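S.K.: Here is what each chain is made of, one letter per residue.
Protein chains: 2
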Amino acid sequence: MEQNKIQSEPQQTVGIIGLGLIGGSMAIDLKRRGFAARILGVEADCVNASAAEKIGLVDEVVSLEDCIDRSDVIVLAVPVGAAVALLPRILDRLAETQARSKTVLDTCSTKGQIVRCVHYHPLRRRYVATHPMAGTEYSGPWAAQPNLFDSRACIFANAEESDPAAVALAERLYDTLGMRPIYMAADQHDIHTAYVSHISHVTSFALALTVLEKERDEKHIFDLASGGFSSTVRLAKSSPEMWVPILMQNRDNVLHVIDTYLEKMQLFRQAIADYDEAGTDRLIRDANRIKKIIR
Amino acid sequence: MEQNKIQSEPQQTVGIIGLGLIGGSMAIDLKRRGFAARILGVEADCVNASAAEKIGLVDEVVSLEDCIDRSDVIVLAVPVGAAVALLPRILDRLAETQARSKTVLDTCSTKGQIVRCVHYHPLRRRYVATHPMAGTEYSGPWAAQPNLFDSRACIFANAEESDPAAVALAERLYDTLGMRPIYMAADQHDIHTAYVSHISHVTSFALALTVLEKERDEKHIFDLASGGFSSTVRLAKSSPEMWVPILMQNRDNVLHVIDTYLEKMQLFRQAIADYDEAGTDRLIRDANRIKKIIR
Numbered sequence: 007m008e009q010n011k012i013q014s015e016p017q018q019t020v021g022i023i024g025l026g027l028i029g030g031s032m033a034i035d036l037k038r039r040g041f042a043a044r045i046l047g048v049e050a051d052c053v054n055a056s057a058a059e060k061i062g063l064v065d066e067v068v069s070l071e072d073c074i075d076r077s078d079v080i081v082l083a084v085p086v087g088a089a090v091a092l093l094p095r096i097l098d099r100l101a102e103t104q105a106r107s108k109t110v111l112d113t114c115s116t117k118g119q120i121v122r123c124v125h126y127h128p129l130r131r132r133y134v135a136t137h138p139m140a141g142t143e144y145s146g147p148w149a150a151q152p153n154l155f156d157s158r159a160c161i162f163a164n165a166e167e168s169d170p171a172a173v174a175l176a177e178r179l180y181d182t183l184g185m186r187p188i189y190m191a192a193d194q195h196d197i198h199t200a201y202v203s204h205i206s207h208v209t210s211f212a213l214a215l216t217v218l219e220k221e222r223d224e225k226h227i228f229d230l231a232s233g234g235f236s237s238t239v240r241l242a243k244s245s246p247e248m249w250v251p252i253l254m255q256n257r258d259n260v261l262h263v264i265d266t267y268l269e270k271m272q273l274f275r276q277a278i279a280d281y282d283e284a285g286t287d288r289l290i291r292d293a294n295r296i297k298k299i300i301r
Numbered sequence: 007m008e009q010n011k012i013q014s015e016p017q018q019t020v021g022i023i024g025l026g027l028i029g030g031s032m033a034i035d036l037k038r039r040g041f042a043a044r045i046l047g048v049e050a051d052c053v054n055a056s057a058a059e060k061i062g063l064v065d066e067v068v069s070l071e072d073c074i075d076r077s078d079v080i081v082l083a084v085p086v087g088a089a090v091a092l093l094p095r096i097l098d099r100l101a102e103t104q105a106r107s108k109t110v111l112d113t114c115s116t117k118g119q120i121v122r123c124v125h126y127h128p129l130r131r132r133y134v135a136t137h138p139m140a141g142t143e144y145s146g147p148w149a150a151q152p153n154l155f156d157s158r159a160c161i162f163a164n165a166e167e168s169d170p171a172a173v174a175l176a177e178r179l180y181d182t183l184g185m186r187p188i189y190m191a192a193d194q195h196d197i198h199t200a201y202v203s204h205i206s207h208v209t210s211f212a213l214a215l216t217v218l219e220k221e222r223d224e225k226h227i228f229d230l231a232s233g234g235f236s237s238t239v240r241l242a243k244s245s246p247e248m249w250v251p252i253l254m255q256n257r258d259n260v261l262h263v264i265d266t267y268l269e270k271m272q273l274f275r276q277a278i279a280d281y282d283e284a285g286t287d288r289l290i291r292d293a294n295r296i297k298k299i300i301r
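Residue numbers (the working numbering), protein chains in the order written: chain A, 7 to 301; chain B, 7 to 301.
What the hints contain is simulated information worked out from the structure, not anything from laboratory work. Remember, it's a predicted structure, so these values are computed and weren't measured experimentally. Careful, some of the hints might be misleading.
Put simply, identical chains are the same to the list, so a pair is met inside one copy or across any two.
[Stated by the list, open to error] In the DSSO-like style, the derived pairs of lysine-lysine whose C-alpha atoms are separated by at most 30 Å in a straight line are:
no., residue 1, residue 2
1, K225, K297
2, K297, K37
3, K60, K37
Extracted from the complex, chain A is given alone in its bound form (with noise of 0.2 Å):
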């Protein structure tokens, strides 16, 4: 099967714009499954750059704009806020170079804003939507590892607007990195993930905040912290840069679940307040139904 890729795309070079977990992790498996016969990378931070270089996730670190030339596939994987920054531009060199038959893809975790901002675009149809949802706490090219995506789900968002060669394109590259597809409109997929993935980082890092303050106090307090806490903190070692603006361009969403989240808070401090043993056994109860959902 990896042989037929290669034979199916076998000039491909792909160009990936942020070589961090995402970015890095494709790199590898892109490479490594034979769908790219080259990778480019772009990367702003020159630690980073220099490292992704020294593992060997991509062939070559090189400029915005050579990446843009001289990649068939160009993977815009830096935080959202850099993305929308960036993909006009991307899309403006491509208009610019007469590289009408490029492709390209982001990968970020919000997909209304960046969908918006070049909705206009002249080569807004060259342009495909994704959101590969997968991921780790940990940031940088470091972080980046290989089967990553494997069996995961990849949300095309706004596919309608995209050329269908530019979708399928993208289709096949996700298939390589083992995802499967979901299609939906940009702004349902905002909505969904600040239930599934933003609030739960909210939570995290309000945890987190909640017993470092006790541990000013109380030096030995994280010697009794059990497996369940360390889950349910994990989330909470996830990077500003990453998250910031995730949540400013998610906001009116992630405020929405927040205040529904906070009422169910307050559902569990008032039974616990009152010693209403019937209430929380039922407020648990209602919680137990997720295991229908998780294993």
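Following the hints, complete the assembly by docking chain B onto the known chain A.
M.R.: Chain B only, in chain A's frame:
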């Protein structure tokens, strides 16, 4: 080393009251590692009792009285509400039967109420209040597993109120399970666990309720759930049988931590609502200090 333990405590019978995750897992390793020559089990739920016997967790399922009379060490591993009701009865039985050299342990997640309920009992000193800090979100005899306690912490609460010989026996028991002992006051324990365990469960329950509510309208919302979400919501599978009494017994501490946590959530909410990038960045960076604690 296991050989040594067999030699030093060759005929020891351990009675375990409550054959769930904790009691069942203890039974496996105490037998396998030679601490117990024989394990007697007490289990109120007859389905669980029959399962525990069939799985082979215990040598024999017996009545509470039989267990007390025939065991050298009695481990009370039931939810904290039931434990507070049972512990005085167990000590009463020791007094009635003149069995003043037996040792009784509990494994409860809250310690203040249980130590208070037998504070003036004539056989108080035969009881050692302990909390082996290990577990999973599953319950019942089917959840029991070998090596559950290895390298985790075991709290000894108010150890000075117990007979040194009883404490020493409890120390050998937990040493056999591979646990490191930590000594503290019962009330201190309850404050600490409110921070590093109980709050995580409440936030996880509330998160599950939030997303499950949305799922009523958006059937496919969980298609997008990432590993991060699963990790944050995992504890929401925990049983009400265990958690209602913990939250009730540790009400004051849990409420205090919930309130601190809600303040942190409000800081995030406000920073996001205000599009305050610098403020959100500071909060996340602050939360990132959790990295020094958990890997």
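S.K.: Each of the hints needs a verdict: does it hold here or not?
M.R.: Status of each hint after checking the structure:
For a Cα distance limit of 30 Å, the shortest separation of K225 from K297 across copies, 15 Å, qualifies, whereas the shortest one inside one copy, 35 Å, does not. For a Cα distance limit of 30 Å, the shortest separation of K297 from K37 qualifies neither inside one copy, at 38 Å, nor across copies, at 32 Å. Proximity of K60 and K37 under a CA criterion of 30 Å is satisfied intra-copy only: 16 Å inside one chain copy versus 52 Å between copies.
Checked against the numbered hints listed earlier, the structure breaks hint 2 alone; every other hint is satisfied.
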